[in-house]
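Visitor: Top line first, the protein sequences correspond to chains E and Z.
Anchor point for the first sequence: position 30 equals 30 in my numbering, and the numbering is continuous, going up by one each time.
Anchor point for the second sequence: position 62 equals 147 in my numbering, and the numbering is continuous, going up by one each time.
Incorrect hints may have been included.
Result set (DSS-like, lysine-lysine): computed pairs, CA atoms no more than 30 Å apart in a straight line [what the hints assert, rightly or not]: (1) Z/K328 <-> E/K60; (2) Z/K225 <-> E/K66; (3) E/K4 <-> E/K66; (4) Z/K277 <-> E/K18; (5) Z/K225 <-> Z/K287; (6) Z/K225 <-> Z/K152; (7) E/K60 <-> Z/K287; (8) E/K66 <-> Z/K328; (9) Z/K277 <-> E/K66.
Covered stretches of chain Z (in silico footprint by chain E; criterion: 3 or more residues with CB under 8 Å from a CB of chain E, positions within the stretch not fixed) [as the list claims (entries may be wrong)]: (10) 286-299; (11) 340-354; (12) 359-373; (13) 381-388; (14) 395-408.
It is worth saying that the hints were derived from the structure and are not from the lab.
Ideal Cβ positions, reconstructed from N, Cα and C, are used throughout, including at glycine.
The chain contents come next:
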Amino acid sequence: MNAKQLMSYVDQPETHQKIVGDYDGGYALGVTENPPAFLLRVEPEDVSHFPTAVDIHGVKVPVVVKGSFVRPVPIDRGTQAISPD
Amino acid sequence: MGVSYQSCEDVLDTAVNELFDSDPQIQAVGIARHQQAFGFKAVKNAAKIVPASAMAGAAKKPLKAIKKVPVTIDTVSSDIEAHFQVPHIQAASFIPERSQTTPLVCGLQIQNVDDDDRQRKAGALGQGLIIIGTLGCFVKLADGSNAILSNNHVLAGENRGIKGKDRILHPGSLTFSSAQQAATLTDFVALKPSPNNARPAKGNVVFNAVDAAVAALTASVAFSQTYLPSRHQVAPHGTGTPKVGDKVFKIGRTTGLTHGTITAIGTVVGPIPYDPGNCWFNQQFEIVGDNGTMFSDHGDSGSAILSTTGEVVGLLYAGNGTQTYACPIQAVLSALNCTLL
């Protein structure tokens, strides 16, 4: 399955059920290449209980799992202190 | 009295060590303009809470010179996150996009002054503070007018913005300044929060496709779809599709020019904390800064992400110090019914 095909599965609930299950932390699940695979970033440092491959319509798709993910934030929140006019 | 740039560079490592050792609130050290020459500039976050034990080893007085190179220390009060990888190679004072510039160009600092005023009156924004972001690029709206493209959370205050009324300033001010008026908020894609217990696996997440808004340029304001000449970067022209492995760059008001690589596409990411609630996004893409550098930081939101040949591929909106997340530009333009100039 190539990256374009994986993109059509990456936001399906079934895909998330298979990959993250009942994990309730912050995460990012995307598609990477060389080879085509799902890229999962999760908060725990220990990622041993996340799968390294999932079955998508009979095709075994690798899952690259990376731990120690920090939940992203909208990045305008930094405020600037300025002197009154 | 400053010294030559080379003199600074020769003892930069020493300066970095001494300045960071001298004050645990120092966040960045670099070479900066000093009078007619150069010196070291450090940026200190005075709001950072530091254990008493760390302060005990700090210098009693700020360093004024290192190896005869003058030192100045800028004090800021911005948030600091624990997951910073490395101090950015450019100290805050190096970022020219924060200074008022004519004509307006991509990458400049902008502010919704009216939203800030409302937030300040509501007690949600401290006195003496403004919320800032980055002008991504220029677009043509469906009615033919020219506009600034940036994030909802930069131009429209996370759904609080008042279309047709809120004034966008460059670079920004505590109170409205007609000399700084760049644009007026025209349209935004509302951010849709999900319930706190929502998860993609449960199928109960409301996905957002973009964090984007447009503000029609004030008639008398000159603009150019380029970056500051000092950046020597290709101007945004045309659009492209993000692909894994592509090299990209952005220019933003906080970290200036940074380079990175697209590491994932089609990405689902969340929950991201916005004022209306936690938001999930889908079909996004992820960038990681090259060589361990940060690709973006607070205030870079709204920056356009360009391929190395100048095609706009996305609009930056979130990050964590290591990964940066962006909306594909085609989804942004489609959602706001506009085209790249």
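Visitor: None of the hints should be skipped; say for each whether it holds.
Guide: Status of each hint after checking the structure:
| no. | hint | verdict |
| --- | --- | --- |
| 1 | Z/K328 <-> E/K60 | holds (22 Å) |
| 2 | Z/K225 <-> E/K66 | violated (40 Å) |
| 3 | E/K4 <-> E/K66 | holds (22 Å) |
| 4 | Z/K277 <-> E/K18 | holds (26 Å) |
| 5 | Z/K225 <-> Z/K287 | violated (39 Å) |
| 6 | Z/K225 <-> Z/K152 | violated (53 Å) |
| 7 | E/K60 <-> Z/K287 | holds (23 Å) |
| 8 | E/K66 <-> Z/K328 | holds (20 Å) |
| 9 | Z/K277 <-> E/K66 | holds (28 Å) |
| 10 | 286-299 | holds (count 5) |
| 11 | 340-354 | holds (count 7) |
| 12 | 359-373 | holds (count 6) |
| 13 | 381-388 | holds (count 7) |
| 14 | 395-408 | holds (count 8) |
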